[in-house]
Amino acid sequence: MNGWWWFAPATLLFLFVFLRLYTRVIAFRQQALTGSTRESGIVLGAALQGDQPSPALQERLDYALALYQEGRFSTFLCCGGSLRRQISEAQAMKRYLIERGIPAPAILLEENSVNTAQNLAFARLILERHHLRTCFLITHDYHMYRACLHARRQGIDIVPAPCASKRLWIPYHRVRECFALIRWFLLRP
1 MNGWWWFAPA TLLFLFVFLR LYTRVIAFRQ QALTGSTRES GIVLGAALQG DQPSPALQER
61 LDYALALYQE GRFSTFLCCG GSLRRQISEA QAMKRYLIER GIPAPAILLE ENSVNTAQNL
121 AFARLILERH HLRTCFLITH DYHMYRACLH ARRQGIDIVP APCASKRLWI PYHRVRECFA
181 LIRWFLLRP
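Start counting the sequence shown at 1; every next residue gets the next number (the working numbering).
Derived from the structure by calculation, the hints contain no laboratory data. Think of the CB as a built atom: it goes at the ideal place given N, C-alpha and C, for glycine as much as any other residue. A hint or two may mislead.
As the list claims (entries may be wrong) - Computed spacing ranges between beta-carbons, pair by pair: (1) ALA47 - TRP6: 36 to 42 Å; (2) GLY35 - ARG153: 23 to 29 Å; (3) ARG176 - GLN69: 29 to 35 Å.
My request is simple: use the sequences and hints to build the entire structure.
Given below as structure tokens:
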């Protein structure tokens, strides 16, 4: 018994932190972007199936397309590198957008990242190079809190543009996101 005195307080602390993060994760449900316009839309990657965007990535791209077609922004910045693939997520995203009528010059690529932190660190460099100062940040609602933390850490002027998912099991992804946040808070430099 003497060696276990810390277990109950540690469990309560973990549950408190986890529930606090969970409330932040669920706070970004799809919201209407009333009147907002920006110069660009940063679309974060969400895996490929072969050389095609996964269903989750298609949801993000379709939401970005809708915002673009409403005149909310004029330049896409597709983010996502490649792990042992022949094609990067960003290249697959560009092809998907071109197939849906987006002109190639309206699409910028960030192809070096393998995670959300890198997505936004490398995106900042591309935005600066192209003199793009204001952005929509487009990702799923469950991922938006962590993505916003990384974007703000990079000094990117963003408006969150979360999309909802009809294809993913959201409770799993929200819990996964909480663990990713805990890991990031504990291990960040």
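Hint check:
1. ALA47 - TRP6: 36 to 42 Å: With Cβ atoms ~39 Å apart, the hint holds.
2. GLY35 - ARG153: 23 to 29 Å: Roughly 27 Å apart at Cβ, these two residues keep to the hinted range, so it holds.
3. ARG176 - GLN69: 29 to 35 Å: holds, 31 Å
In this structure, none of the earlier numbered hints is contradicted; all agree with it.
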